[in-house]
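Following the hints, position chain P against chain S.
Residues per chain are reported as follows:
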Amino acid sequence: MVDPVDDRRKAHWSLYVYCVYLLLPLYWLVGMALKTNQDIVGKFEVVPGNPTLANFAEIFTNPVWYQAFGNSLTYVTINTILSVAVALPAAYAFSRYRFLGDRQLFFWLLTNRMAPPAVFLLPFFQLYSAVGLFDTSIAVAVAHCLFTVPLAVWILEGFMSSVPRELDEMAQVDGHSFGYFFFRLFIPVIRGGIGVTVFFCFMFSWVELLIARTLTASEAKPIVVVMTRTVSASGLDWGVLAAAGVLTIVPGLAVVWFVRRHLVRGFAMGRV
Amino acid sequence: MIKGVSNNRAWLAVVPVVLVVAFSAVVPLMTVVNYSVQDIFDVDTRLFVGLDWYRETLRDPRFIDALLRQVTFSATVLVIEVPLGIWIARALPRDSRATSAFLILLAIPLLIPWNVVGTIWQIFARPDIGLLGVSVAALGISFNYTGSSVDAWITLILMDIWHWTSLVALLAFAGLASIPSPCYQAAMLDGASTWQVFRYVELPRLKSVLTIAVLLRVMDSLMIYTEPFVLTGGGPGNSTTFLSQYLTSMAVGQFDLGPAAAFSVLYFLLIVLLCWLFYTSVMRSEADG
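If you're matching them up, the sequences are chains S and P in order. Residue numbering for the first sequence follows the working numbering, starting at 1 and increasing by one per position. Residue numbering for the second sequence follows the working numbering, starting at 1 and increasing by one per position.
One chain only, chain S, in its complex shape (with noise of 0.2 Å):
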């Protein structure tokens, strides 16, 4: 006889074999970041020997690394709050009133984040060109709403519809303005889902390489452009380049960090 309820307290053994494929792949790049280019060459071990910082001192040390670094928090933080500024109407009129063509717009919301980065290289980089924006960081923030946006409004959506409507009625009763109802009552109640939606935004537009590369050259280039630049240059940095990995990893375990407690009921909340 199973007993589901208490049975799930306790993590079933085969979490820790997913855990260990997880984090193999994980402590193989802090390993190599952690040795010297000859060691990570010469010989095979499975512990760092003498384990040095220097790869890490490279990168906080040249400009083209640290400006890198830079630039890329820069375009994510501009898309993340460009598409919750734009997704907030905009669930909130999806989750609220019916209107003409909503649900035809919704899927040609969707359709966006369907579109293969690829089939508008061309095309975009000649866009941002024309409008003189291209090589900054606000041509790759407005490029990657593209697919930000459609997926913010999506969870967005699933939150606020998961507001009782009493909420807005009862605002209004009370007779405060529309203005007030939205900033003061209606968004700490949903913040649970502004914090997932942040981390999806954040999520997808950091860890994007193909229009961020496209519309990038020198002034703007971020951070995951100048890494393949140098395994394609060099070849061989692997130290550096691990270390750049391990460094990219970081701001997302700071934005996992500070939104962990509404990952899970967000995830819960939205669109079930």
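Be a bit skeptical, because a hint or two may be false.
Taking CB as the label site, the calculated pair distances span [stated by the list, open to error]:
(1) S/Y66 x P/A138: 33 to 43 Å
(2) P/L58 x S/A57: 49 to 59 Å
(3) S/F183 x P/V26: 28 to 38 Å
(4) S/F183 x P/R9: 33 to 43 Å
(5) P/D190 x S/V47: 47 to 57 Å
(6) P/T45 x S/Q38: 53 to 63 Å
(7) P/D128 x S/S162: 46 to 56 Å
Examples of chain P residues toward chain S, derived with CB under 8 Å [as the list claims (entries may be wrong)]:
(8) T31
(9) S221
(10) T226
To be clear, the hints were calculated from the coordinates, so they are not data collected in a lab. Predicted model only: the values in this text are computed from it and were never measured. Glycine is no exception: its CB is placed at the ideal position from the N, C-alpha and C atoms.
Chain P in isolation, oriented as in the chain S frame:
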């Protein structure tokens, strides 16, 4: 979205989203469609060719090969990732302190830039300096993802599972968390087996989250570019060249604007069609059940 108040002024709230998305969506899509029906020699010399590029693309054996590889790859990773993700979600502890630690751990692969994912596996699987490569070699199996296409595929699939199973697991876990415990207790009183609990209590309630998970995985696996680009570069030979990779080599490498645009339109339509078919079939079965 079903039981809203009818109000066309709500359009005003949607305008910002439409503007932001349309800026990056409409003009580029029009450009692609426009290119796909022209033969472009230079900026001023263009020739309208109708659907010629579409015909050519559909007859291009390299396109067909890339498409078949793409479908095989996407189907394989979906078949592995969805059940595995559900399994992991069920194996996660609930309401304990360890839960959030496990969840953060699961979220890590999702937050790593895609080319870094490629780099991680490139390093990890290398037969000379990678833990996986060296371990497999120590077992006496020759393994080299840059030389053998089978090994390249195995590495790519292992990488994709590593990268994306977490998404399915997190979504499925959220779905499981929303099942009230009386449902379990009732099933227990009826003496249901673990499989029956899963099949009749959990799976029906997981349907909507699994729809999202499968949709996202269908879309993203069909678009895959960066990870194989870094890991295998599409090789050995063309054995891991998927649609995006072939398209970029066509558009950027050879600068064949017309054919590349026709390719793009077909590629985009394929993804939209698959997602639409899946979505409507789920909706229909929901309406029936």
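*asked:* Is 28 to 38 Å respected by the C-beta to C-beta distance linking S/F183 and P/V26?
replied: 31 Å, holds
*That 33 to 43 Å hint for S/Y66 and P/A138 (C-beta), does it hold up?*
Between S/Y66 and P/A138, where Cβ atoms are some 39 Å apart, the hint holds.
_Outcome of range test on Cβ distance (S/F183, P/R9; 33 to 43 Å)_ = 19 Å, violated
*Given P/S221 as an interface hint, is the shortest Cβ-Cβ distance to chain S below 8 Å?*
11 Å, violated
*Given a hinted range of 47 to 57 Å, is it respected by the beta-carbon distance of P/D190 and S/V47?*
52 Å, holds
*Evaluate the given range 46 to 56 Å for the C-beta pair formed by P/D128 and S/S162.*
Between P/D128 and S/S162, where Cβ atoms are some 53 Å apart, the hint holds.
*Does the Cβ-Cβ separation between P/L58 and S/A57 fall within 49 to 59 Å?*
With a Cβ separation near 54 Å, P/L58 and S/A57 satisfy 49 to 59 Å, so the hint holds.
*Are P/T45 and S/Q38 spaced within 53 to 63 Å by their CB atoms?*
56 Å, holds
_When the least beta-carbon distance from P/T31 to chain S is tested against 8 Å, hint result_ = Holds - the Cβ of P/T31 comes within 8 Å of chain S, reaching about 4 Å at its closest.
_Agreement of hint P/T226 with chain S interface, Cβ distance less than 8 Å_ = 5 Å, holds
In summary, the structure is inconsistent with hints 4 and 9 from the numbered list given earlier, while agreeing with the others.
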